[in-house]
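Bring the two chains, given one by one in their own frames, into a single complex with the hints.
Note that the protein sequences, when read in sequence, are chains A and B. The opening position of the first sequence corresponds to residue 33 in our numbering, with each subsequent residue numbered one higher. The opening position of the second sequence corresponds to residue 32 in our numbering, with each subsequent residue numbered one higher.
Keep in mind that a hint or two might mislead.
[As the list claims (entries may be wrong)] Pair ranges (Cβ atoms, derived):
#1 185(B) <-> 357(A): 48 to 56 Å
#2 87(A) <-> 337(B): 33 to 41 Å
#3 243(A) <-> 382(B): 34 to 42 Å
#4 381(B) <-> 145(A): 24 to 32 Å
#5 396(B) <-> 210(A): 31 to 39 Å
[What the hints assert, rightly or not] Think about it this way: if two alpha-carbon atoms lie no more than 16 Å apart in a straight line, the pair counts; the simulated EDC-like pairs of lysine to aspartate or glutamate are:
#6 403(B) <-> 213(B)
#7 230(B) <-> 79(B)
#8 172(B) <-> 183(B)
#9 143(A) <-> 389(B)
#10 139(B) <-> 121(B)
#11 390(B) <-> 257(A)
[Claimed, not checked] Okay, the calculated bits of chain B under chain A, using three or more residues with CB under 8 Å as the criterion:
#12 267-278
#13 299-309
#14 326-335
Think of the hints as simulated: they come from the structure by calculation, not from any bench. Positions of the beta carbon are idealized from the N, C-alpha and C atoms, including for glycine.
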Amino acid sequence: MSTTTPTTATPTTDGPVEPHPRSLAARTRSMLSPARIGAVYVGLVFVVIFTILAPDTFPTWTTAQQILNINAVTALMALSVILPLSCRVFDLSIGFVMTLSGVTVAYFVQKTDVGLIVAVVFALLAALVVGLINALVVVGLRIESFIATLATGSLIQAFITMVTGDTSINGVKLVSAPFSRISQSSVMGFSLPVLYVILAALGIWFLLEHTATGRRMYATGFNPDAARLQGIRTDRLKFCSLLVSSALAGAAGIVVASSIGSGSTTAGTPYLLTAFAAAFLGSTQLKFGRHNAWGTVIAVIVLGIGTTGLGLASAPQWSTNLFTGVVLIAALAIAAGSVRLPSRLRRRHQSSPM
Amino acid sequence: MNGSRFIRSLTVAASLLLSISLIAACGSSDTDPGGTGSGSSESASSAEATTLVKKWETRPTSVGITEPVKNAIAGGKSIAYIHCGIPACDENFDHYQEAAKVLGWTVKKYQTDGSPESAVAAFQQVVADKPDGVITIGFPKSLYGKQLKELEAATIPVIARSVTDAAGDGLTLVYDDAEAFEPEGEILSAWITDDSNGKANTVYADLPAYDILESIHTSFERNYKQLCASCAIDTLDIPITSVGKDVPERIVAYLRAHPDVNYLVFAISDLNVGVPAALAQAGLADKVKIIVNKGDPQNYSYLASGQMDAIVGVHNDEVDWAVFDAFARIFNGESIAPNESAVFPFWLITEDNLPSADKTFPLVENYQDQFKKLWNK
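With the rest of the complex left out, here is chain B (with noise of 0.2 Å):
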């Protein structure tokens, strides 16, 4: 290699490097810094705190809805189910097959994986298949709006979860949209002021990639700044790529960047695999609490073993029931307004009040009773 070659070659990684130093150097923080620091008691505020804690640790007793059908509800309805194409809604799927053998129906499931081609191939398959009712999770509507509105054509009611959408336009209904995860934020805020004596600094990882969980996290910072008014928050947002990969390795960074953080959200479980060994290595364990937002077994058995503090429980089981409550009523031509107006649980869970460290659960131990009382099955 001669000397020019070698002096080109030197050049170019120079300016490289260079390059990005003054970017990395330059970009703008993810973090919006707010609070005042690490923040001064407020009694009242604290105390309510408590009364908020007291009230989510309690475990749920009903599904939320309590006006039975009115009608015998007839069977051998055929339900379609889109997929959302990630292994959490293969649980779903097992809720509906469940349900729909208490009513003598049938589920059958449409799988995707989770990419806008393949959302759009399955409801036109099940426009084809002409079902007597739709359920999708997670995929906007403006994705599927010609197959909807054939749907709608043909009387077929559609019901979505975890959306953003409004009912309406061939969407008969729609359970988890942004508004039922306000208390999420709520329960969030109240355990961290409680437990920290409203003395905390905390961060909130968010994954923004989910437009869903973007209620949550507004929730959550205005209840925080309503229940400690001193105390610090900042947001880090991890990219959907960083799941499953390095997600330890940013919050580590983060934490020894940030030393006077002492309470770590997670928007959504999956962010916190791996995260609890990491900090045990980088010996910040002791220094900062965790909860989470929506429980998994894994996080369960980080639960259990003291890694990690708490998680607020969210109603799959039971909305997944709720889905199957609407399709009677909608069959029967009965009024819906006990679905649109279902209050859903939540659960605020410890490792003191944890039912299992190995399995998923529902938030309310009969729900499967209850629904089929509402249903005289």
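Next up, chain A with everything else stripped away, as it sits in the complex (with noise of 0.2 Å):
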């Protein structure tokens, strides 16, 4: 019986191996998945039918402006809530606060002359303050997020009532430049709203993905108590993603009143489902049951195409309505329905016979 003696592999004189072609192949299909982007498919879905509906105005480089722009401050308010969800935390007073933080930059332009950049800073602090008391009651006193935050919201919306009166703030300062241009000003036909949304994106993207203060949030968020085990501060967390939240929703709060030109006393509260609605449609996307930046803004922009393509169709003014549940539905039902919620509000499924 002869024997042989293994030998090392030698490389081959044809240059670098060449990556499996299987691996690459399932590895884009991983990409281009519909349980991945699921809605993206749906976006182009809507893309084909309001370029038939309205072939002259739809498929154009000005609808393309107008989604973005138009649904900018949408964007930013769904990205307020992305930390708190990622550390399993519901603020619910991103609403007030935006209200609060436009009422407050109105104010100061208007009423007073401490200039722009001064305004805008009081305008954020009155957010963070809001943020700190959103803290301190979740974090401090151990309240539940859905119902701290709804309280606070109540409460800044009581106090901006008694502080104003229930009087928007108005004045030709606010409709005239330089406060007009921090919402009207543009970069070839985008508006600046939208390079705000991409620079908060890009933020959070690399703060989630990229950091280990990210990858503590998630484990945060999926389970709080083995992560708190593991020597994850988790409640430094909640509470730096509860000021991060009012600080974006402040933001949101300046760019609003810059866009109408008025220290609106409602302008947050159509915001505040909206942005939970693009939040969970975006943690189906990208990243598979994980609140993320980028597959937030898929969301905002599916839902952008819908009501932009349906106003360019004149469709019915119920459309708009109906279009946003509908594809809400769609892109969950692609996606497989995979959303995480807190527990609390997640039905306990028996686990089936192993």
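Right, dumping it as structure tokens:
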């Protein structure tokens, strides 16, 4: 019997070893899977539909600009709730924070001579104060965030009503430069708020995907007890996430005040549900089951495609709400309906016998 | 996730998508196309429109009531004001307090949130408190019919504003009923016809949720077709849920889908919030002119900065004081015929004649003095 001694392989003389084609194809299929980017496919379907329904107006660069410009504030608000949701914390006060910062910046711009930058700083500080209160109530007092932030939101609204007499703040300074430039300046047809969204999304993406803090936030959200036992400072993460969400909501409020030229006492309320809808829809995209920045942006864009397309197609006034509901269901269905909700809000199913 | 579950999900999603597409494609549009195109000049109607514009651009000088109260007005009366529930009605309360102070009366506000339940509760409280008079704004008579009967039985007069109800059955007087807003349609249509020289293509953005605005829409369409028969007109209904949210987006989408439209009318000023900025972003600001019904400080700011073009000023201050004028006559046992036949002022406001961009202002500058003179105060 002869034996052979294994010899080490020698590289070929044909150059570097090519990646296994099956592995590359598998990665590509995974990236393009409907489970990963189902909302994108929904959006593409609607692009096709509205191109047919409104061929002269929809498939244009102007429409793309319109979709992004009009939905920039919604995107900012949706991004504001990503970090708290990643830590399994709900911040339902964002609409009221948005209103508060809008009223604050409008007051200082119109009624005082402190200048634009100081007015903006005051508005952001007002938002941060609310964030601090939220954090103290949720983390310090251990009150469920869903209830706590609803309560602080109610307090904020009472404060706004008390200070403003429930009357919006108006004036020529609010509809003129430099204040109007915050939202109405544009680059290549895209308004500055679109840039703010990109910057915010980049920041949140980097934090969540490329830092240990982001990993810890996800860990806190997935299993706070285990995370805490692992030595993760879950309270600190939740605390900071509420500060960040208020700051972003405050920034959105300044943008809205600049856009409408007024410190409206009800500006933020309509954005609350849309922000959370986009955030949860976004959690089904790209990072299956995780709240993430770019998935949220995709969700906002898909929703925006529909509402803009329906408008250009002269659809009935009720169709917008119908569309929003249907696209949420469709996108979640395509993504297999996997949406991470806090355990208290998720029905516990008995696991099947192993 | 197994293959069959994926296919089921995909089927559900595709079905839903197909459904919404069919609904969107087949659903009737809210717009009612009218007119025959961009319009050609009609000199007679344009001249009439120009005359009307000149008339309405002049700041009014009379509050609409000229007959003085005959007898001395006793002080010490208490008036109940049922608040309509929206911030705009705070201004009315301010006016009532000013008028009451002149007469030596008091006004008590009964706050509501605008809902029918809160309105009924407020009326019930008023019945219990038995004031000398009651003011209500915006709530239909049918809502508080029971309480109205009780107030009538107690001989407590009730004056309503901005409702489509007629006086009677306990309702002593109605100000700003549907008929009172007729001139607004004339003003809106005259300005558009004159400004466009008879070449307008107009969209009227309406708020169907408020019945009282329907009369303005009807009046506008009638006058518009009379003054500019060949001008095009269309209607865009805005749902109440869009106010303060996506009205700018709806307007931009409509204008992009209808590029020939060059005039935009808002049934009420709240609909114009955020629209100028949205139009500017979409590159449409120079393609359409905006006129709104009933100004507010925000729209005055837009007007002063050139982001919109005209406002129909409505007699809010004057009518609020006229309410107290009516109460004074009622408490004196005098006829309220001067109030019933009063013609209250309107004003076509442009950038050239705008008195203030930062706050509300009366149409008649010395309206308070005029009423004090009527009351011999």
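Consistency of the hints with the structure:
Taking the beta carbon of each, residue 185(B) and residue 357(A) are about 50 Å apart, inside 48 to 56 Å as hinted. Separation of residue 87(A) from residue 337(B) is about 35 Å and conforms to the stated range, judged on CB atoms against 33 to 41 Å. Between residue 243(A) and residue 382(B) the beta carbon distance is about 53 Å. The supplied range of 34 to 42 Å is therefore violated. The supplied range of 24 to 32 Å is met by residue 381(B) and residue 145(A), whose beta-carbon atoms lie about 30 Å from each other.
Distance hint for residue 396(B) and residue 210(A): a CB-CB separation of about 34 Å, consistent with the stated range 31 to 39 Å. Among the hinted pairs, residue 403(B) with residue 213(B) is inconsistent with the structure: their alpha-carbon atoms are about 28 Å apart, more than 16 Å. Between residue 230(B) and residue 79(B), the direct Cα distance comes to roughly 15 Å. Compliance with the 16 Å bound is thereby established for this hinted pair. For the suggested pair residue 172(B) and residue 183(B), the alpha carbons sit about 13 Å apart, so the restraint of at most 16 Å is met.
Proximity of residue 143(A) to residue 389(B) is assessed by CA-CA distance (about 10 Å); at most 16 Å being required, the pair is judged to hold. For the hint pairing residue 139(B) with residue 121(B), the CA-to-CA distance comes to about 12 Å; that is within 16 Å, so the pair holds. With a C-alpha separation of about 56 Å, the suggested pair residue 390(B) and residue 257(A) falls outside the 16 Å cut-off, and the hint is violated. Proximity of the region 267-278 of chain B to chain A, defined as three or more residues with a beta carbon under 8 Å from a beta carbon of that chain, is established by the 8 residues found.
Coverage of the region 299-309 of chain B by chain A holds in this model, with 5 residues showing a Cβ closer than 8 Å to a Cβ of that chain against a need of three. Only residues whose C-beta sits within less than 8 Å of a C-beta in chain A count toward coverage, and the region 326-335 of chain B has 7 of them, enough to reach three; the restraint holds.
Taken one by one, the earlier hints fail for this structure at numbers 3, 6, 11, listed in ascending order.
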